[in-house]
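Visitor: Chain by chain, the residues:
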Amino acid sequence: MASVTLSKLRKSYGRMDVIHGVDVEIADGEFVVLVGPSGCGKSTLLRMIAGLESITGGEVLIGDRVVNDLEPKDRDIAMVFQNYALYPHMTVAANMGFSLEHRGTPKAEIAKRVKWAAEILGLDEMLERYPRQLSGGQRQRVAMGRAIVRDPQVFLFDEPLSNLDAKLRVVMRGEIKSLHQRLKTTTVYVTHDQVEAMTMADKIVVLNGGRVEQIGAPLELYDRPANKFVAGFIGSPAMNFIPGQITASGFAADGALLPLPEAAHDLPPRPMLYGIRPEHFALTSEGLAATVELVEPMGSETQVTMRLGGTPVIGAFRERVRAEPGETIRVRPEIASVHLFDSDSGKRAN
Amino acid sequence: MSTVAANGTPAKERKVARKRPFWTMERRDSLAGYLFIAPQLAGIITFVLIPLGLVFWYSMHEWNVLGARFNYVGSRNYEQLLSDPALLEVLGATGIFSAGLVVFNLSLALLLAVLLDQKLKGITVYRTLFFSPVVVSLVAWTIVWRFLLQNNGGINSILLLTGVEGPNWLRNPTTAMISVIVVQVFKNVGLNMVLFLAALQGVPRELYEAARVDGAPRFKQFRRITLPMISPTILLTSIITIVGSLQVFAQIAVLTQGGPGMSTTVLVYYLYQQAFQFHRFGYGSTLSILLFVIVAVLTFVQWQMRRRLVFYER
Ligand SMILES: Nc1ncnc2c1ncn2[C@@H]1O[C@H](COP(=O)(O)OP(=O)(O)OP(=O)(O)O)[C@@H](O)[C@H]1O
Ligand SMILES: [Mg+2]
Numbered sequence: 011m012a013s014v015t016l017s018k019l020r021k022s023y024g025r026m027d028v029i030h031g032v033d034v035e036i037a038d039g040e041f042v043v044l045v046g047p048s049g050c051g052k053s054t055l056l057r058m059i060a061g062l063e064s065i066t067g068g069e070v071l072i073g074d075r076v077v078n079d080l081e082p083k084d085r086d087i088a089m090v091f092q093n094y095a096l097y098p099h100m101t102v103a104a105n106m107g108f109s110l111e112h113r114g115t116p117k118a119e120i121a122k123r124v125k126w127a128a129e130i131l132g133l134d135e136m137l138e139r140y141p142r143q144l145s146g147g148q149r150q151r152v153a154m155g156r157a158i159v160r161d162p163q164v165f166l167f168d169e170p171l172s173n174l175d176a177k178l179r180v181v182m183r184g185e186i187k188s189l190h191q192r193l194k195t196t197t198v199y200v201t202h203d204q205v206e207a208m209t210m211a212d213k214i215v216v217l218n219g220g221r222v223e224q225i226g227a228p229l230e231l232y233d234r235p236a237n238k239f240v241a242g243f244i245g246s247p248a249m250n251f252i253p254g255q256i257t258a259s260g261f262a263a264d265g266a267l268l269p270l271p272e273a274a275h276d277l278p279p280r281p282m283l284y285g286i287r288p289e290h291f292a293l294t295s296e297g298l299a300a301t302v303e304l305v306e307p308m309g310s311e312t313q314v315t316m317r318l319g320g321t322p323v324i325g326a327f328r329e330r331v332r333a334e335p336g337e338t339i340r341v342r343p344e345i346a347s348v349h350l351f352d353s354d355s356g357k358r359a360n
Numbered sequence: 072m073s074t075v076a077a078n079g080t081p082a083k084e085r086k087v088a089r090k091r092p093f094w095t096m097e098r099r100d101s102l103a104g105y106l107f108i109a110p111q112l113a114g115i116i117t118f119v120l121i122p123l124g125l126v127f128w129y130s131m132h133e134w135n136v137l138g139a140r141f142n143y144v145g146s147r148n149y150e151q152l153l154s155d156p157a158l159l160e161v162l163g164a165t166g167i168f169s170a171g172l173v174v175f176n177l178s179l180a181l182l183l184a185v186l187l188d189q190k191l192k193g194i195t196v197y198r199t200l201f202f203s204p205v206v207v208s209l210v211a212w213t214i215v216w217r218f219l220l221q222n223n224g225g226i227n228s229i230l231l232l233t234g235v236e237g238p239n240w241l242r243n244p245t246t247a248m249i250s251v252i253v254v255q256v257f258k259n260v261g262l263n264m265v266l267f268l269a270a271l272q273g274v275p276r277e278l279y280e281a282a283r284v285d286g287a288p289r290f291k292q293f294r295r296i297t298l299p300m301i302s303p304t305i306l307l308t309s310i311i312t313i314v315g316s317l318q319v320f321a322q323i324a325v326l327t328q329g330g331p332g333m334s335t336t337v338l339v340y341y342l343y344q345q346a347f348q349f350h351r352f353g354y355g356s357t358l359s360i361l362l363f364v365i366v367a368v369l370t371f372v373q374w375q376m377r378r379r380l381v382f383y384e385r
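If you're matching them up, the sequences are chains A and B in order. Count along the first sequence from 1, then add 10; that gives the number in this note's numbering. Count along the second sequence from 1, then add 71; that gives the number in this note's numbering.
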């Protein structure tokens, strides 16, 4: 096991810059998730760590070794690809043992390691099958088996669950997490799904347009997003942003006066965004008036799309809301969970 | 049949009311299918099955066009075939030619395909270059090579410049066979090359990436991933090439006329000699039947081998 350090990492394809100076420290044994919208450079970053993509600038360190110019096989990493990249003409056992063959591992030892990995992943019955004879989830496990037999320093995962259906994704999410808890191998995991990021990560790196927006533990990002992008990306349904201005009596938005936390009253009266998560609205009898536009009962909660003055917002309530579109309900934002962002820079202001 | 349909009428009555028309969906579908294959079927019957039957019919006759003889002789041509002293030599030459051609053609085609599968500037120019002999006229191509291979021809002149005295290529049994094979391979290698190129490009890139991460060196990647993944194409090209090689004629006729001796007299050339030089059409037909049987058996065997040698994705 080893730490991984990305230092001022840059990547260009020809004249197009894709990664613009990324710094990330990954501690030994940590589970780090790179998350961000499509095209933000997650895969590129991961492939640079793997050695499948050349490095334009900066350094990648595995342990205290600079690996910029090492071939993938010399970096002691294992990678799980998005579509698994299983060798279709080899059995499950051969797929898992392939990497050991090139390390001069004796046959008996290979068989032993394959068996060990297969037991962990529940694949013992399928060692002689071919990938085409497996279900999506089983293929996913074989891909993981191929990674763990070698006992590498670092695991790299590139959206490994995106080809699975929603239910299986939740199961495999748990399996990967418990595998990590068991093996404690440093892991870099790429996904565009913020729920995966929140549930699995020790530490999340939020990427956008080839830059790091914020690095932190899942709940840190949820509780104190550093900017509007992270605030909007983490959490589902996404945070509401209400444009307006800070005044002595509260936050003046279009047709509504929203309550502010104590400390925010000292902020300069500039155009701001008032950020409030749907789950941080409470139904009350004397709150702000909101016109209901749509009610979506989810069972565990009810999502209500409503209009606060001129701004459409979403509220998520534990209570079952029985309101018809057009009706008025009264809601109150939890003051402790209000986020203020600068309108221009998007940076956090409170 | 006591079930009652949703609207209250007993199911039995409704069935009677719904009389099936003659043109059911199924009948219409099969009619369309037969119509689609009809032109092809007509072609196969006229140009394949009928000639095949005729050849078989002729093979049981003694037929001399010049002597205007056409007599039924039963199996005599076949008995003659089995005791033909030249047959072994002809089959030997055919075997050497086909084996040499297939091995040389497929390895060269695969080598070229691997080389041309690189992402380099101007690579399409090279691809076109290596493919171009395929579209050149076979006879013209062979005539050019006959000049090159003559004793005082282009190749020996070049060899002489480097101080080597080349052999008389087409007049020595071994070099004659090699020459015929090489000329044929250079003519057709582009076709297999293109097929291999397409197959190589069909191998998913992630497999190579996974293999790199797994630490497989380049040649191992080729042997363990590329070859199995393109094995269906290897089977296809080897069938095409073997069947094609058994039918080689123009090259032999232009380059060696089957000589020196019988060293390059392959089956089709022998057939041509018997039928058109010695006017023994009956025996020529018998040789055609032999060729047909050989091709059919080889194709069947290769097709059977695919189970063991070929990996299919689905
Ligand atoms: N070979 C390439 N040549 C040029 N541009 C590329 C190449 N590969 C990737 N890019 C660009 O680099 C950027 C980052 O791509 P990358 O594949 O890393 O995105 P991603 O975050 O993994 O997205 P996704 O979630 O869709 O997989 C994209 O804008 C993409 O267009
Ligand atoms: Mg990606």
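These are calculated hints, taken from the structure and not from any lab test. Careful, some of the hints might be misleading.
Said to hold, decoys possible - Derived pair list, reagent style SDA-like, types lysine to any residue, alpha-carbon separation capped at 25 angstroms:
1. A:K117 - B:K190
2. B:K192 - A:M26
3. B:K190 - A:M26
4. A:K194 - A:E138
5. B:K190 - A:E119
6. B:K192 - A:D33
7. B:K190 - A:K122
8. B:K190 - A:V28
9. B:K192 - A:S64
10. A:K122 - A:S188
11. B:K291 - A:S64
12. B:K291 - A:M26
13. A:K18 - A:E69
14. A:K83 - B:V206
15. A:K213 - A:D33
16. B:K291 - A:E119
17. A:K117 - B:R283
18. A:K83 - B:Q292
19. A:K83 - B:N222
20. B:K190 - B:T117
21. B:K258 - B:N222
22. B:K192 - A:I324
23. A:K125 - B:R377
24. A:K177 - A:Q163
25. A:K83 - B:F293
26. A:K357 - A:E303
27. B:K190 - A:E329
28. B:K291 - B:R377
29. A:K177 - A:G260
30. A:K83 - A:R25
31. A:K83 - B:R377
32. A:K117 - B:P288
Visitor: Could you run down the list of hints and mark each one as holding or not?
Guide: Hints and how they fare:
no., hint, in the structure
1, A:K117 - B:K190, "violated (37 angstroms)"
2, B:K192 - A:M26, "holds (20 angstroms)"
3, B:K190 - A:M26, "holds (20 angstroms)"
4, A:K194 - A:E138, "violated (29 angstroms)"
5, B:K190 - A:E119, "violated (39 angstroms)"
6, B:K192 - A:D33, "violated (36 angstroms)"
7, B:K190 - A:K122, "violated (41 angstroms)"
8, B:K190 - A:V28, "holds (22 angstroms)"
9, B:K192 - A:S64, "holds (20 angstroms)"
10, A:K122 - A:S188, "holds (22 angstroms)"
11, B:K291 - A:S64, "holds (23 angstroms)"
12, B:K291 - A:M26, "violated (34 angstroms)"
13, A:K18 - A:E69, "holds (7 angstroms)"
14, A:K83 - B:V206, "violated (45 angstroms)"
15, A:K213 - A:D33, "holds (14 angstroms)"
16, B:K291 - A:E119, "holds (21 angstroms)"
17, A:K117 - B:R283, "holds (21 angstroms)"
18, A:K83 - B:Q292, "holds (13 angstroms)"
19, A:K83 - B:N222, "violated (55 angstroms)"
20, B:K190 - B:T117, "violated (47 angstroms)"
21, B:K258 - B:N222, "holds (22 angstroms)"
22, B:K192 - A:I324, "violated (55 angstroms)"
23, A:K125 - B:R377, "violated (31 angstroms)"
24, A:K177 - A:Q163, "violated (30 angstroms)"
25, A:K83 - B:F293, "holds (17 angstroms)"
26, A:K357 - A:E303, "violated (30 angstroms)"
27, B:K190 - A:E329, "violated (61 angstroms)"
28, B:K291 - B:R377, "holds (23 angstroms)"
29, A:K177 - A:G260, "violated (44 angstroms)"
30, A:K83 - A:R25, "violated (29 angstroms)"
31, A:K83 - B:R377, "violated (34 angstroms)"
32, A:K117 - B:P288, "holds (19 angstroms)"
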